[in-house]
Amino acid sequence: MSPDAAADVTAYDSGALDDIRADEPLLKVRDLVKEFPIRAGVFRRQIGQVQAVTGVSFDLYPMETLGIVGESGCGKSTLGRSLLRLLEPTSGTVTFGTEDVTAASKHRLRELRSDLQMVFQDPYASLNPRLPIRDIVGEPMQIHGVPKKEARERVGDLLQRVGLLPEHGNRYPHEFSGGQRQRIGIARSLALRPKVIVLDEPVSALDVSIQAQVLNLLDEIQTEYELSFIFIAHDLSVVRHTSDRVAVMYLGRIVETANRQDLYESPAHPYSQSLLSSVPIADPRRERSRKRILLQGDVPSPANPPSGCRFHTRCPIVQERCKQEQPKLQQIAVGHQVACHFALQPGETLLERTEQLGRGAQVASS
Amino acid sequence: MGYATLLTLVRGMSGTEMSEPLLKVDDMSVSFKTDAGDVRAVSNVSFEISPGEVLAVVGESGSGKSVTALALMRLHPKNTETTGQVMFDGMNLLDLPEPQIRSIRGRDIAMIFQDPMTALNPVFSVGEQIVEAIRIHNDVSKADAWAKVVDLLQLVGVPEPKQRAAQYPHEYSGGMRQRAMIAMAICNDPKLLIADEPTTALDVTVQAQVMEVLHDVQEATGSAMMLITHDLGLVAGSADRVQVMYASRLMERGSTDEIFYESRNPYTRALLASIPDLESVKDKLDSIPGNPPSLLNPPSGCAFRPRCSMSVPQCAEAVPELVAFGGNHASRCHLATEIDITTGVNA
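Chains as they are written, first to last, in this note's numbering: chain A, 74 to 439; chain B, 197 to 543.
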């Protein structure tokens with residue numbers, strides 16, 4: 074965002090953005106680690122730790138959507154929460170504009186949160202059942218000292234913007250369907266005119282017909298409010314639809330990042346390829362002609378992650394080196410990074426590589 | 197396939213004729229009595245399942261797909277009224293006395309539930325639970341039943357089945373638990389498997405494994421399957437025939453290709469158009485406006501009318517009849533014959 078564009082942003086701006094240009098990242102995340110202690114015994118002594126997020130780094134540019142995908146337990150939600158310090162990161166830095174969010178005081182963090190907002194997965198759990206909608210949406214403004222009269226008007230506008238009626242403000246969350254509640258959650262996140270919204274599985278609790286409505290709404294408000302999104306989801310089709318760039322996570326680490334075209338057309342990490350090949354496509358003819366690589370087993374426990382490359386226990390093209398040495402994220406093309414010692418070439422399929430190695434992968438063709 | 201040899205140990209014999217339907221549901225309706233009034237969760241649904249085929253029942257939450265399955269197993273609580281006929285093996289399941297239906301459940305018709313953690317008993321080992329399921333219906337010794345359990349677990353791809361059989365559900369991962377559920381469901385060689393959202397709780401890579409197991413098991417045993425799901429991708433990959441439900445009614449039925457490529461129902465078409473595609477990107481998703489109707493107070497005429505882009509005044513007046521299009525294809529829409537099937541998402 075240019076300095077002039079920042080100028081017309083309303084008075085609730087924290088100011089952190091004023092000297093950022095469009096070609097510079099809005100959010101810089103470096104080596105972020107989040108550990109949870111494992112406690113046991115009468116005194117809840119710590120006997121170990123789970124590294125839910127291990128050394129994650131990425132940049133988020135203005136008005137961009139970065140998709141974060143992975144299976145349950147890969148750390149994608151923990152990552153989202155650590156960015157906003159809803160969970161205190163163990164180490165690493167998150168820089169918003171020029172300011173280090175991880176070093177901000179409690180008071181300063183509260184101010185920063187007007188620029189960094191979040192929408193949660195479960196629209197039933199994330200809205201206080203005892204508050205009317207106007208208070209739920211208006212609460213952030215109250216906290217940040219917006220005059221009451223103005224706040225009231227803005228709540229009405231926001232509700233209208235997300236496809237509800239201003240008079241819905243008097244109702245309580247239980248009077249709304251799942252899709253409408255998610256709209257309320259979005260209205261709340263917009264209340265302080267943020268720059269970045271972390272969306273944690275925003276549509277996974279919704280039916281398909283409603284999911285499309287909410288995805289379209291997110292698209293519209295992104296342009297209108299000049300927002301950057303971090304879109305966390307397990308549904309790869311949804312992520313392809315919404316994201317400009319995508320990061321694939323496995324057991325706490327980013328294994329591949331690329332722009333959406335590259336990631337979906339020529340995934341270079343064996344995990345990305347098998348993940349994509351696992352997703353069923355709603356087209357019977359394409360489905361019949363597809364060959365699906367079946368990964369063996371389940372995701373290992375993050376309390377005791379495998380040595381070397383964390384994917385090596387399930388990887389069909391694993392080599393000796395993968396068990397010893399942990400691969401680093403390396404650039405293989407512009408904007409395309411992969412953490413794999415034996416990354417796949419553009420156009421090369423995991424199946425071909427497996428056969429080349431003289432191994433049999435379990436393949437399903439439906 | 198190696199499964200076939202294993203299965204000769206497991207199964208007895210199947211002597212069902214391919215021409216006769218295995219299950220014939222005729223005009224079934226299910227209502228729940230609630231304090232707020234009667235809720236009709238299933239309205240006049242009729243369908244058939246032939247031996248060996250996979251019928252997918254798709255719909256959004258509240259469309260009545262799970263209620264249909266539970267009703268034909270007679271698994272509903274007392275405040276439920278089920279009318280119509282469910283013919284299975286020459287018997288109407290809805291009239292059968294309780295002891296008889298109990299001998300059919302788990303033996304001839306078995307069910308796989310969405311959440312294996314709540315469907316399995318946490319205080320018994322997985323093996324004990326499957327042994328119990330076998331011994332309820334068969335006069336076999338514990339040792340023989342246990343041996344069969346180990347075979348079954350191997351069949352569904354549980355590694356080290358001997359050791360795993362003695363473990364408890366909490367020691368299994370989600371995917372393994374669902375495999376154990378499948379093993380339990382097929383332990384008495386059922387003629388019909390009802391799988392209610394069998395992979396919804398699982399990650400995609402594990403979902404692919406479990407669907408493959410279901411597929412193999414179903415192919416090897418020759419049992420029919422009713423696959424209840426909201427995921428049109430799963431349907432595309434595994435169903436022979438599909439029926440689409442919306443607000444308690446059957447909206448359209450047909451072969452998988454007819455539903456995906458030649459749909460004659462505005463709801464089916466809108467549903468297909470609203471899914472983001474994994475292999476291409478469109479600017480804007482074609483969403484369906486509004487919300488599904490409340491079953492307590494359904495709209496007059498066609499339930500999809502308030503959200504339908506094609507609706508005409510006639511739609512508010514009467515619930516459309518199912519219009520047949522040859523074969524099994526039928527659509528519940530006043531305009532079914534006018535829909536241009538050469539356009540659409542997949543066309």
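Hint data in this document are derived by calculation from the structure and do not stem from the laboratory.
Since we're looking at a predicted model, the values are computed, not measured.
Cβ coordinates follow ideal geometry from the N, Cα and C atoms, glycine included.
Careful: at least some of the hints might be erroneous.
[Unchecked claim] With a cut-off of at most 35 Å between alpha-carbon atoms, the simulated DSBU-like pairs for lysine-lysine come out as follows:
id, chain 1, residue 1, chain 2, residue 2
1, A, LYS364, B, LYS344
2, A, LYS401, A, LYS101
3, A, LYS401, A, LYS364
4, A, LYS222, A, LYS179
5, B, LYS478, A, LYS101
6, B, LYS358, A, LYS101
7, A, LYS401, B, LYS478
8, B, LYS358, B, LYS338
9, B, LYS358, A, LYS364
10, B, LYS274, A, LYS396
11, A, LYS364, B, LYS229
[As the list claims (entries may be wrong)] Stretch by stretch, here's where chain B covers chain A in the computed footprint (C-beta under 8 Å, at least three residues):
id, segment
12, 154-168
13, 192-205
14, 222-230
15, 285-293
[As the list claims (entries may be wrong)] Here's a subset of chain A near chain B, in silico, CB distances under 8 Å, partners left out:
id, residue
16, VAL106
17, GLU108
18, ARG118
19, ILE120
20, ALA355
21, PRO357
22, LEU368
Please verify whether LYS401/A and LYS478/B have alpha carbons no more than 35 Å apart. holds, 34 Å
Given GLU108/A as an interface hint, is its Cβ closer than 8 Å to any Cβ of chain B? violated, 23 Å
Between the alpha carbons of LYS274/B and LYS396/A, is the straight-line distance 35 Å or under? Cα-Cα ~58 Å, so violated.
Is it true that the CA of LYS478/B sits at most 35 Å from the CA of LYS101/A? Measuring from Cα to Cα gives roughly 29 Å; hence the hint holds.
With 8 Å as the cut and Cβ atoms as the points, is ALA355/A at the interface with chain B? holds, 4 Å
Using 8 Å as the Cβ threshold, decide whether ARG118/A counts as touching chain B. Since the shortest Cβ distance to chain B is 23 Å, the answer is violated.
Cut-off 8 Å, C-beta pairs, minimum 3 residues; does the coverage of the segment 192-205 of chain A by chain B stand? violated (count 0)
Any CB of chain B closer than 8 Å to the CB of VAL106/A? violated, 24 Å
Proposed proximity, LYS101/A with LYS358/B (alpha carbon, max 35 Å): violated, 51 Å
Verify the interface restraint on PRO357/A: the C-beta must sit less than 8 Å from at least one C-beta of chain B. holds, 4 Å
So, as I understand it, the hint says ILE120/A touches chain B; can you test that by seeing if any CB pair is closer than 8 Å? At about 20 Å, which exceeds the 8 Å cut-off, the nearest Cβ of chain B leaves the hint on ILE120/A violated.
Three or more residues of the segment 222-230 of chain A near chain B by CB distance under 8 Å? It is violated, with 0 qualifying residues against the three required.
Checked against the numbered hints given earlier, this structure breaks hints 6, 10, 11, 12, 13, 14, 16, 17, 18, 19; the rest are met.
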